[in-house]
Structure formats: structure tokens, C-alpha cells
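Please work from the sequences and hints to get the whole structure.
Letter by letter, the chains look like this.
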Amino acid sequence: MELSLTVNGQPAVVDVPPGTTLLEVLRDELGLTGTKEVCDEGECGACTVIVDGRPLDACIYAAHAADRAEVLTVEGLAAGDELTDLQRAFVEAGSVQCGFCTPGFLVMATHLLETAAELSEEQVRRGLAGNLCRCTGYAQIVDAVLAVGRGA
Amino acid sequence: MSLIGASVPRGDAVAKVTGRAVYGVDVRLPGMVHARLLRSPIPAGRIVTLDVDDAWAVDGVLAVCTADDAPPRRTGLAVYDQRLFADDVVRYEGEPIAAVVAETEAAARRALEAIRLELEPWEPVAGPEQALDPATRLVHPHWAEYEVAPGLEFRRHGNVAAEMISDPGDVDAVFARAPFVVEDEYRANRQYQAYLEPKHAVVDYQGGRYTVYVAHQYPFNVRDRLAQILGVAVSRIRVVCPTIGGGFGAKLDVGLEPYAAVLARKVGRPVRIVNDRLEDLLTCTSREDAIVQIRSAVDEDGRILARELTCLMNCGAYAGDMPFLASIPLHLAGSVYRVGTARVEARVLYTNTAPTGAMRGVGGTYLTFAVERHMDHIAAELGMGRRELRLRNLFRDGDRMLTGQVIDQAGTLRQAFDRMEQVAPWAQVTAPRPLHGVGLAALIWLTNPMPGSATLKLNEDGTLGVVTAATENGSGAVAMGLTQIAAEELGLRPSDVVVLAPDTDAAAYDAGSQGSRTTHVVGAAIRKAAAEVRRRIFDVAAEMLEVSVDDLELVDGTVGVVGDPGSRVPLGEVARTATFTTGPIAATGAYRTPMPAHDPTCATGLLFPSFPTPTFHLHLAEVEVDPVTGRIHVVRYVVVQDVGRAINPTGIRGQIQGGVTQGLGYALFEQLDFDGARYRQRSLETYRLPTAVDVPRVEVELIENADPAGPYGAKGVAEPPVVPVAVAVANAVSDAVGAPFDRLPVTPEDVLAALEERRRRP
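One line per chain: the protein sequences are A and Y, in this order. Take the first sequence: its letters are residues 1 to 152, numbered as in our numbering. Take the second sequence: its letters are residues 1 to 762, numbered as in our numbering.
These are computed hints drawn from the structure, not numbers from a lab. Don't take each hint at face value.
[To be verified] Here are a few chain A residues that face chain Y, going by a calculated C-beta distance under 7 Å:
| id | residue |
| --- | --- |
| 1 | D40 |
| 2 | Q97 |
| 3 | Q123 |
Built from N, CA and C at the ideal position, the CB exists for glycine as well.
Here is the structure:
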């Protein structure tokens with residue numbers, strides 16, 4: 001099954017068997033290992049990517065549904081070495097510990113910041129409730145998102 | 001400006017926020033092939049048929065392996081009770097029976113399905129009480145033939161894999177004449193570490209050596225345990241650690257590495273193996289379930305005169321590190337509060353469940369749950385204030401634990417109560433409010449003492465290379481703590497310090513990320529190495545500047561005469577001069593915390609005899625319970641913690657917030673419990689982890705009572721915040737509802753049942 005999609009602004013063509021997930025395409029076919037596999041059932045948000053403006057769990061998203069789609073992953077956030085405000089805030093606020101959940105949180109929070117004019121702490125927490133982090137206890141992640149959300 | 005106490009962003013953060021960090025599961029080698037394990041679908045039984053012929057025939061399969069092809073020996077940490085594959089008998093659901101390796105993961109899965117496995121199911125030994133019953137079948141009928149690790153002495157019998165007993169002999173007499181005796185039983189279920197990166201390994205076998213790529217907490221233990229299992233010298237194994245996606249104790253022992261090693265040797269290609277989430281959850285060495293019985297003799301003034309504590313710990317099918325953890329009950333039964341004399345017994349029980357093991361706060365979580373719930377019960381029996389009872393019995397400087405260990409700085413506990421009183425005055429927070437409650441819990445915890453080392457080398461551009469097998473488990477101990485200490489010692493920017501990822505071929509021994517040891521132990525090693533590097537820099541610079549070494553200082557990447565900015569020479573220039581005259585500037589430092597003295601006659605089976613570099617903790621939880629849903633809202637959580645010296649306050653806050661969150665999970669949501677001997681929870685949907693909407697922002701109050709041996713006074717920080725949480729919450733819920741909650745987790749159903757019971761009472 002041949003698919004063509006745009007990932008982080010770059011065109012990509014892959015040939016994968018039916019039943020392949022978007023996560024497998026990203027990690028195994030395109031070598032974009034920033035997006036992580038954790039629960040494999042859409043429970044934890046570690047594999048969150050944006051497909052045509054919508055955040056979704058790549059581990060349960062059929063690759064064929066992403067044919068001709070625009071996909072944004074964690075690797076597509078920074079412009080070269082220039083981090084986004086949110087990435088910088090994550091670095092400074094202590095939002096990163098082991099970092100395995102970080103790509104999913106960054107993609108989800110980037111989407112939250114793009115779709116809401118102003119975010120309260122409650123809104124940030126609700127918006128990130130589908131992403132699991134086992135290290136941080138969330139406070140410093142919420143801090144980083146709020147720092148950017150309030151600065152906007 | 002000093003870097004000690006500065007919240008410097010961690011060195012690995014940029015790689016982690018850009019998705020460029022390479023984790024263990026991201027490692028790919030040329031020619032790599034894929035392995036999977038056939039695991040037992042039942043908790044107990046006999047293998048009747050295991051026929052792998054059809055698996056060999058599956059397209060793409062390279063090898064199939066069973067107990068017949070694997071090393072024949074039983075190995076382990078304390079008791080050598082485990083083979084790589086079940087041979088005749090399966091002892092837990094998920095136990096490996098066979099392994100396949102194939103060109104693709106899909107082919108490996110097809111091959112597993114082609115294996116013919118027939119089992120005769122047996123009635124499983126399901127829990128510790130059943131295991132202890134003399135009528136119960138033995139999980140290991142040949143236990144007496146098993147070897148024990150050299151140097152260890154402890155009693156074993158039947159389903160008791162290990163026993164620790166301390167009995168000073170005078171306990172019963174004190175109970176007999178005590179004005180009050182208070183007695184309780186507490187139970188806690190298992191907790192899954194639930195690190196996000198599943199267990200995995202890639203092993204390459206070439207030229208008689210195994211190279212293991214695994215994100216692990218303790219690379220040298222992978223080397224040693226793999227050598228033990230394969231029966232080869234440790235020098236035949238090299239362990240290289242990529243970035244790790246969490247561990248919390250579950251990645252201290254070997255996991256999948258031996259299977260990949262056996263298969264890599266068989267097929268001559270690099271073999272990758274990764275658990276799927278169900279396998280990971282079913283077979284992880286989770287925090288053990290335990291039953292704690294506790295009795296205290298108390299006088300009219302609330303003074304504890306004597307105590308008896310008995311602990312049953314479920315180690316599952318194989319003993320693992322649990323015989324060591326059987327010491328923890330003795331340490332926690334009589335620390336924090338004076339208890340007079342005490343008899344403490346701990347038994348580690350074999351059952352037909354997944355082997356359990358270390359998780360952050362080993363044993364401490366449920367033992368503190370027992371001790372501090374019991375304190376609330378004593379206070380209620382005596383009609384005494386809960387805080388007042390604690391203060392009356394509180395340890396003071398120089399008090400002794402039940403092992404005889406003297407706790408010099410125990411008076412820090414009083415400081416912690418005073419600090420808590422400033423931020424959360426007891427009378428104020430406990431002012432009666434309906435369905436609102438407050439809980440307190442205090443703790444003395446340790447800093448793991450095991451050895452570590454670091455080699456510092458001054459690069460020819462003036463930056464510093466650090467070669468160490470200390471592991472950055474996510475806590476920041478390496479990316480913040482060690483980096484800042486090394487930079488501070490040599491007047492460098494943290495960004496000029498480059499720490500090599502662990503590689504057992506390059507670095508000397510290190511005991512891994514466990515028990516909050518890295519900043520404390522390896523930080524001390526770095527300071528020793530830095531002193532030698534500084535001496536070498538000064539020797540060379542003194543010649544270059546024609547001044548005395550006593551006049552020199554290190555500032556901002558330069559060396560120069562004290563107070564004379566014009567004299568400064570960049571360290572790169574010093575390094576280049578040194579390299580091509582006397583030789584490169586490099587030095588190694590090593591450190592191990594001396595074990596505090598204890599009374600060796602205090603107990604038998606005490607494999608973990610004292611609490612080095614103790615730290616002091618006080619937690620307070622405020623909860624509100626919803627009378628309709630039973631839901632428990634933790635509305636306020638305060639931690640007062642002695643850290644010795646805060647190297648990076650942002651990092652410490654993160655460790656405390658994260659540890660408390662794991663504790664809240666253990667208190668309220670998380671549990672592995674059993675349907676027979678099988679886990680009910682089988683995914684991250686049914687195993688419920690705390691989310692961003694479940695946890696409050698923890699208030700953190702630090703006490704900095706320096707440890708004389710720690711780098712800049714630093715003590716262990718990251719492990720203990722998880723420990724007192726469940727009981728602070730359980731005490732708060734008990735206070736709110738007016739009924740005791742003596743079982744973890746405390747669920748909404750428990751709350752509703754207690755409220756209903758209260759309504760029915762006249």
C-alpha cells in the first residue's frame with residue numbers, strides 16, 4: 001500500500017502493508033523516533049502527533065488514513081536549532097525528566113496554545129489530561145505551558 | 001556566582017524536547033533481527049508438551065530457543081532459584097518458556113503462534129498467607145538445594161524465601177504491664193513502576209564478546225548478572241546505555257538482556273527484543289504486596305514502651321532482591337519515633353505470581369503506612385492530639401534505631417515539625433470542617449551508599465569530559481547535580497561539561513541510579529578527581545605565569561592570579577601546554593559511603609544492616625471527600641524535606657512533586673490485585689496512573705542540614721518523597737470520614753462504604 005504524506009513540511013512516500021499504524025510509519029519507515037510508543041492503545045498520549053491540524057494518537061491511527069495528510073511531529077516543532085517558545089519553556093521550567101513523554105506533551109500543548117486565546121491552569125490541566133507522565137507530577141509541565149500561554 | 005543552589009537547566013533537555021534523544025527502544029543496528037518470548041498463559045502448572053518444530057518452519061525465523069538450549073544453571077541476586085526459561089514447571093503468568101528470533105517482528109509473532117504448548121494447570125499459591133500455611137504446596141519443592149549468594153546468611157524454609165527476625169527478648173514483659181495496648185493490621189497492594197519506556201535490549205555478539213545496548217538504571221549489574229547467567233567472565237560483556245525512559249527501581253536487575261544475548265550468539269546477528277505493554281505489566285518486578293501487623297504498648301502520657309511488628313512480603317515466584325528488602329521493616333518499625341523495645345519479624349513468601357522487587361521507596365511505603373496509621377490510632381485510643389503524640393515520641397539527636405545505629409541529626413525531625421507549623425499551623429488546618437481531613441506522616445530515609453567513580457579530563461579547548469557509569473535516570477542527578485558540581489569545582493560553565501553516557505568498557509564500577517545515591521556518592525567522587533585536576537592545572541599554570549600555585553584561582557574557564565583579572569589564561573591553553581609537555585590532565589575519583597555502625601547481634605537475616613546518610617521528612621495532606629461519588633480530592637500537600645544542600649532547587653522540586661505524585665497514585669488509584677494469581681489490571685487503561693487533573697501542586701519546604709561527607713553537604717533527595725504520601729493521605733481520609741482506612745489504595749468505594757456505615761450507626 002503506497003502512501004504519500006507530508007511530515008514536518010517534507011514530502012514522504014512509503015509502501016507499507018495494510019494494518020500499519022501511523023506510528024510505525026513515522027518510527028520505522030521514516031526514522032522519526034521522537035514520537036514514542038508506550039501503551040499501544042491510545043491511553044497515554046506519548047505518540048501524539050498533529051494530522052491536518054488535529055492532535056491524535058499515532059499508535060492507533062491507521063497509516064492509510066494519513067494518505068495525503070500533513071503530519072507534524074516533535075521533530076517538526078523547532079526551526080532548525082531554533083527552539084519554539086514552548087520548547088524553551090520546557091527546558092527552563094524543569095518540565096523534562098526522563099523525557100519519554102515529552103514529545104507527546106509538547107505536541108499536545110503546542111496544539112492547545114494554538115487553539116486557545118488564553119489558557120487558565122485548569123484549562124491546561126484538562127487539555128493535557130490525556131497525556132501520562134510518570135516522572136514530573138505535571139506541575140512543571142503546566143508551568144511551562146502557562147508561561148507561554150500568558151506571554152502570548 | 002556559585003552554581004551550587006542554582007537552577008541551571010539540565011544538559012540533556014534540548015535533545016529531549018526536540019525528539020533527538022536516542023532512547024533504548026530507538027537503537028537500531030545494521031543487520032538487526034527481532035526476538036519475542038513465549039510466555040506462560042497460566043500462573044502455575046506443568047509443561048506437558050512443548051513442540052517448537054513448526055516455529056522453525058515459519059518464513060523468516062532464524063532460531064527458536066527453550067530451556068534445553070539455554071544455560072542450565074539457576075541464578076539470582078540472593079537465592080539462586082531462577083532459570084532463564086521455565087523447564088518443567090511454570091510458576092507465574094508470563095514466565096518465559098521459549099524464545100524465537102526472526103527477520104521481522106511480525107515473523108517472530110507468527111513463529112510464537114506456531115509453537116505447540118500444552119500445560120497441566122495447577123491450583124496456584126495465590127497470596128502470602130496461603131503460602132505460609134503448612135498445608136500449601138511448595139512453589140519451589142527443591143528450595144533447600146538452591147545456592148545462596150556468597151557471604152549472605154539468612155533463614156529459608158518451605159515457601160519462606162527469606163526471613164529477618166529481631167527479638168531483644170524483653171518485649172513481652174513490657175506489654176504485660178503496659179497501661180494500653182493498641183493493635184492493627186494493614187494491607188497494601190502491588191504498585192507497577194509504569195516507566196513509560198518498556199523493557200527492551202539489543203545485543204550484538206562478536207569476537208567472543210557481548211555488547212548490550214539497554215537503557216538501564218544499573219549497567220554494571222547488567223554486566224554482572226549477564227555474566228552469571230551465561231557463565232562467562234564479566235570482561236566478555238560490554239553494556240552501553242542510551243537515554244532511559246524511566247525505571248523507578250524496575251530497571252536495576254537484568255530483564256530481557258539474557259534472552260537477546262543467547263539468541264544473538266545463536267544467530268550471529270544483533271538481536272532486539274522489546275516488551276509490549278501487557279508483557280511488561282504482567283512480568284515487571286512491581287512493588288510487592290504486603291501485610292503488616294503492628295502492636296504497641298503505650299503509657300498514659302502517650303509514650304510508646306514497646307512494639308511488635310510482623311511483615312509478610314510477597315516476592316512472587318522468585319526471590320529477586322526481596323531478601324535484602326526484608327531488612328526494611330526493622331529500620332522503619334522504630335525510627336522517627338522512640339518505641340522502647342521491639343520485636344520485628346519479616347518473611348518473604350514465594351507465590352505463583354510475578355516476581356516483585358525494588359520500586360522507589362522500597363518497603364517504606366507500606367511500612368510507613370502501617371507505622372503512621374497506627375500512630376493516629378494510638379492518639380485516638382488515648383484521646384490525645386495526633387501531632388502532640390508524635391512530638392512526645394519524636395527522635396532527638398543521637399537517638400538509636402532498632403539496629404543500634406545512632407542518628408546524629410535526628411533533631412532535624414523537630415525542625416521539620418516546626419517548619420510545617422509555620423506553613424500549615426496544625427490548629428488552623430485541623431479546624432473542623434465536614435468531610436475535610438488532615439494527615440501527617442514523618443520519615444527517616446537513607447541515601448544508598450554503594451560505590452561510584454568518575455574520571456575527569458580537561459579537553460584541549462578548556463572543556464571538561466566526565467567519564468562515569470553514573471546513570472541519568474531522568475532525575476537530573478547527572479544532567480544537573482554532577483554537571484553542576486564538576487563545573488563549580490573547576491570554574492566552568494555547566495555547558496562546558498560533557499558527561500559520557502554509561503559504557504562499562506570505559507568507566508569504572510558504579511552502582512547505578514538507586515536510593516538517591518548519584519549526586520551524593522558520585523558527586524563526592526567528582527570532587528576528589530577535581531582536586532587532582534585543579535592541582536595539575538595550577539602546576540602547569542604556575543610555570544606559565546611564573547607565579548606560585550598558592551596565588552592561583554579558577555574563574556570562568558580561566559586560571560589566573562587571585563584578584564588580578566589581567567593575569568588570566570584560558571584553560572584550553574593550559575590543557576594544550578600540559579598535554580604536550582607533562583601529559584594530558586586527567587584524574588579519577590572514587591567514593592563509597594562508609595556503613596554506619598550497627599549492632600550485628602540485633603537480628604538474624606539482616607542483609608541490609610543500616611541507613612547511611614539519613615534524611616528527614618515530614619508530609620501533610622489535606623483532603624476533601626465527595627459524599628456522593630466517594631472521590632477523594634487532595635486539596636493541599638506540603639512536604640518538608642531535609643536535602644543536606646540543594647544543588648539545583650528546580651530539580652529538587654521536580655523530584656518531590658514527581659515522587660509525591662507516585663505516592664498519590666499508590667494511595668488512591670494504582671494497584672495490581674489478583675483474580676486467583678492473575679493480575680486483574682492488564683493495560684494502562686485499567687492500571688490507573690495519576691493524570692494532570694488528579695494531583696495538586698505540592699508545596700515544598702527544604703531544610704539544608706549539611707552532610708559532612710556529601711558534596712557541598714548534599715544528601716540523597718529523589719527516592720524518599722514517594723514514601724510517606726499514602727499514609728499522609730490515608731490519615732487525612734480517615735480524619736475526614738471518621739473511620740479507619742487501613743488498606744491501600746483507598747478507593748471511592750471504600751469511602752462510600754464507610755460513609756454508609758457511619759450513617760447507619762446511631
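Here's how the hints hold up against the structure:
no. : hint : verdict
1   : D40  : holds, 6 Å
2   : Q97  : holds, 4 Å
3   : Q123 : violated, 11 Å
The structure fails hint 3 only (numbered hints given earlier).
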